[in-house]
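So the sequences go chain by chain: A and B. For the first sequence, my numbering begins at 1 and goes up steadily by one. For the second sequence, my numbering begins at 1 and goes up steadily by one.
Simulated from the structure, these hints should not be mistaken for lab results. All figures in this text were calculated on a predicted structure; none of them were measured in a lab. Idealized CB from N, CA, C, for every residue including glycine. None of the hints are false.
Reference excerpt, derived from the structure (chain A facing chain B, CB under 7 Å, subset only):
#	residue
1	GLY35
2	PHE42
3	GLU85
4	VAL86
5	ALA89
6	GLU198
7	VAL208
8	PRO211
9	ILE213
10	LEU242
11	GLY246
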Amino acid sequence: MSPLSPAPANATRVASPLEAARRYPPKPADVYLFGTCVIDVFFPGAGMDAIRLLEREGIRVHFPQAQSCCGQPAYTSGYTDEAREVARAQLALFAGDWPVVIPSGSCAGMFRHHYFELFKDETQTLKQVESLSARTFELAEFLLEVCKVRFEHTGAPVKLALHTSCSARREMNTHVHGRALLAQLAGVERVDHDHESECCGFGGSFSVRMPDISGAMVQDKTAALKGSGAAEVVSADCGCLLNINGCFEKQGDALRGEHLASFLLRRTASASTGGAR
Amino acid sequence: MSTLADTPAQPIAFTRNAREALADAQLRRNFRGAMDSLMDKRRNQFPDGDELERLRAFGNRVRARALSKLPDLLERLEANLARNGVQVHWAETVEEANAIVHGIAERHAAKKVIKGKSMVSEEMEMNHYLGARGVDCLESDMGEFIVQLREEKPSHIIMPAIHLNAGQVARLFHDKLDVEYTEDVDRLIQVGRETLRRNFFEADIGVSGVNFAIAETGTLLLVENEGNGRMSTTVPPVHIAVTGIEKVVEHLRDVIPLLSLLTRSATGQPITTYVNMISGPRKADELDGPQEVHLVLLDNGRSQAFADGELRQTLNCIRCGACMNHCPVYTRIGGHAYGTVYPGPIGKIVTPHMLGLETTRDLPTASSMCGACGEVCPVKIPIPSLLRRLREEAVRAPAAEPQHMRGQGAKHSKKEALVWKAWRTLNTSPGLYRVAMYAGTRLRRLMPADIGPWTRYRSAPKPAARSLHELAREHLGAQ
Numbered sequence: 001m002s003p004l005s006p007a008p009a010n011a012t013r014v015a016s017p018l019e020a021a022r023r024y025p026p027k028p029a030d031v032y033l034f035g036t037c038v039i040d041v042f043f044p045g046a047g048m049d050a051i052r053l054l055e056r057e058g059i060r061v062h063f064p065q066a067q068s069c070c071g072q073p074a075y076t077s078g079y080t081d082e083a084r085e086v087a088r089a090q091l092a093l094f095a096g097d098w099p100v101v102i103p104s105g106s107c108a109g110m111f112r113h114h115y116f117e118l119f120k121d122e123t124q125t126l127k128q129v130e131s132l133s134a135r136t137f138e139l140a141e142f143l144l145e146v147c148k149v150r151f152e153h154t155g156a157p158v159k160l161a162l163h164t165s166c167s168a169r170r171e172m173n174t175h176v177h178g179r180a181l182l183a184q185l186a187g188v189e190r191v192d193h194d195h196e197s198e199c200c201g202f203g204g205s206f207s208v209r210m211p212d213i214s215g216a217m218v219q220d221k222t223a224a225l226k227g228s229g230a231a232e233v234v235s236a237d238c239g240c241l242l243n244i245n246g247c248f249e250k251q252g253d254a255l256r257g258e259h260l261a262s263f264l265l266r267r268t269a270s271a272s273t274g275g276a277r
Numbered sequence: 001m002s003t004l005a006d007t008p009a010q011p012i013a014f015t016r017n018a019r020e021a022l023a024d025a026q027l028r029r030n031f032r033g034a035m036d037s038l039m040d041k042r043r044n045q046f047p048d049g050d051e052l053e054r055l056r057a058f059g060n061r062v063r064a065r066a067l068s069k070l071p072d073l074l075e076r077l078e079a080n081l082a083r084n085g086v087q088v089h090w091a092e093t094v095e096e097a098n099a100i101v102h103g104i105a106e107r108h109a110a111k112k113v114i115k116g117k118s119m120v121s122e123e124m125e126m127n128h129y130l131g132a133r134g135v136d137c138l139e140s141d142m143g144e145f146i147v148q149l150r151e152e153k154p155s156h157i158i159m160p161a162i163h164l165n166a167g168q169v170a171r172l173f174h175d176k177l178d179v180e181y182t183e184d185v186d187r188l189i190q191v192g193r194e195t196l197r198r199n200f201f202e203a204d205i206g207v208s209g210v211n212f213a214i215a216e217t218g219t220l221l222l223v224e225n226e227g228n229g230r231m232s233t234t235v236p237p238v239h240i241a242v243t244g245i246e247k248v249v250e251h252l253r254d255v256i257p258l259l260s261l262l263t264r265s266a267t268g269q270p271i272t273t274y275v276n277m278i279s280g281p282r283k284a285d286e287l288d289g290p291q292e293v294h295l296v297l298l299d300n301g302r303s304q305a306f307a308d309g310e311l312r313q314t315l316n317c318i319r320c321g322a323c324m325n326h327c328p329v330y331t332r333i334g335g336h337a338y339g340t341v342y343p344g345p346i347g348k349i350v351t352p353h354m355l356g357l358e359t360t361r362d363l364p365t366a367s368s369m370c371g372a373c374g375e376v377c378p379v380k381i382p383i384p385s386l387l388r389r390l391r392e393e394a395v396r397a398p399a400a401e402p403q404h405m406r407g408q409g410a411k412h413s414k415k416e417a418l419v420w421k422a423w424r425t426l427n428t429s430p431g432l433y434r435v436a437m438y439a440g441t442r443l444r445r446l447m448p449a450d451i452g453p454w455t456r457y458r459s460a461p462k463p464a465a466r467s468l469h470e471l472a473r474e475h476l477g478a479q
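Please put together the full structure from these sequences, using the hints given.
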């Protein structure tokens, strides 16, 4: 079963919304990085910044070149068989003992929680799924809870807003970890924005299948981010950033969100390893 | 708006309805304001997150246990209600349910029915059915009364007229009830009550819904805030309660957590103003109450959900509406756009069982899967998982053998299925993936500026010059 919560008595499939209290391993010497397909094509810089942040903590990063997508697009669209085969390919690539760090909460949630559903009828595969799930960490969570980083802000004081993707929030608690990392930085004032926990309207294929509803949602989200008075916007999910930045650009606004990893690499030094990058 | 009595084979025009709703600034302001207020009220009722989680788990267990022995509980409910003098009727379809109610009305030569709030009666389109047969139905819940005057459907399962503001109600009452125009809400309620008051005494039959049907005691429990539920169930000589078969719980004590979850989640109230527990008609030594009490138990597709271990969780629902109040889609388009009796997240997972996936095939898709609904559901229905399952059923290749879900495969498209097969091949063939990424990044300038629905509200996404695979290989070496 998924580590989220025990299944209700009448359920055969489960994906409950809240991450239960998680136990964390000691900081490892090696990790896998799963880069995600959206980062691969649209935000490779964020992926590289995640790699460099991990290296800054003295960790060796392994990036299996055969990796592709976690399977989520097909899974949420109802194409379960297709999602399963893509998931199976990833399972085989991350079969070692190293933790798998993912700079995206929704893809991390897919590895950690939804592969159980995909492979529920395959007893042998479920063992691999259990191992992968236990070793999967969202980047901010990994830095905070496993590496126990202490970051120092090196730039000018800044007001910023943090947007957390819905699955990152509800499946991985990423908003908690992201806020905690930013709270370490003396020069960073994180400001709340209106309806902060509300979806930005991305939702993968939702943004294309229901364009008008999705459009109304992202317009509200960009207005809320602007209204917060933040000079910068960060998020740990590039799907949302694709959506939010695209809307800012369409509106002729200069504001762009960047990945939390990029912000952290650019604007902090690591006190946990005793040196800047 | 489509009617359920003559269900159209065409899919509900959800996207068109949604577009119209989004363009209605007044509607959007009304919903955003109302939903924000309801979310605040609920939040204030659950200051302790741990207590909330324990209570939700408790509520979930109570509902799951009741459903695990549903057939047995329904039989016990029937036996104990019969012992209390309540006549129990079973209806597989809304047509059967309406015929039962009409039969009772005919037997009493009833001309007038007063109704407390009941979503199952909306499911049945009872007002329409009885009205066409010379029996007038009048809604006595203030919100229902308002939507009935406007000849509309409820836009929310708890607050039927939540799409309207005071000014709109003021104009309605002025036009339809011939009263002086006033936006004073207290005065408006007074006007409504005066109109309704005499109807309670003139009605031949009172109709109500049921919140919980308690098997061990044969009791029908009904919560409300206006007193109209108590009036409808006690003043007319005949009371007919209508409810879905899933509303049964085993013990009276089971109601305690569910009631607490229901009122706090729905309206942010620790308890409703009225909690009615109906255990039979007027007894010989009693001075008031109806002479006859009937219960109509309606299936209407619930058995289909019940038959599947996962989909059965749909029936946990206690109809609080919290999923609607927290839904970013519902908040923006309101209830009418769904074109169904039950709107919002719960509507998207329950209606396909009632109407089939042919007409409702777009509803499971109308979600960004943000999970807000599942997070607030007081009985822990995994709504996003069930939406995903229904998407799977809708796009499944149509099968030759009898199907478990009505309308399974209704959204199947050979073209889309092929696209996903190609997607699978691309993402399971590293060589092919590498070529595609190389092409996608090198040809990025060919990305058109207009890519249909996406670019209506956003600029087109721009592939990077080089993929992460390439950059990582350069930085880390081939792995």
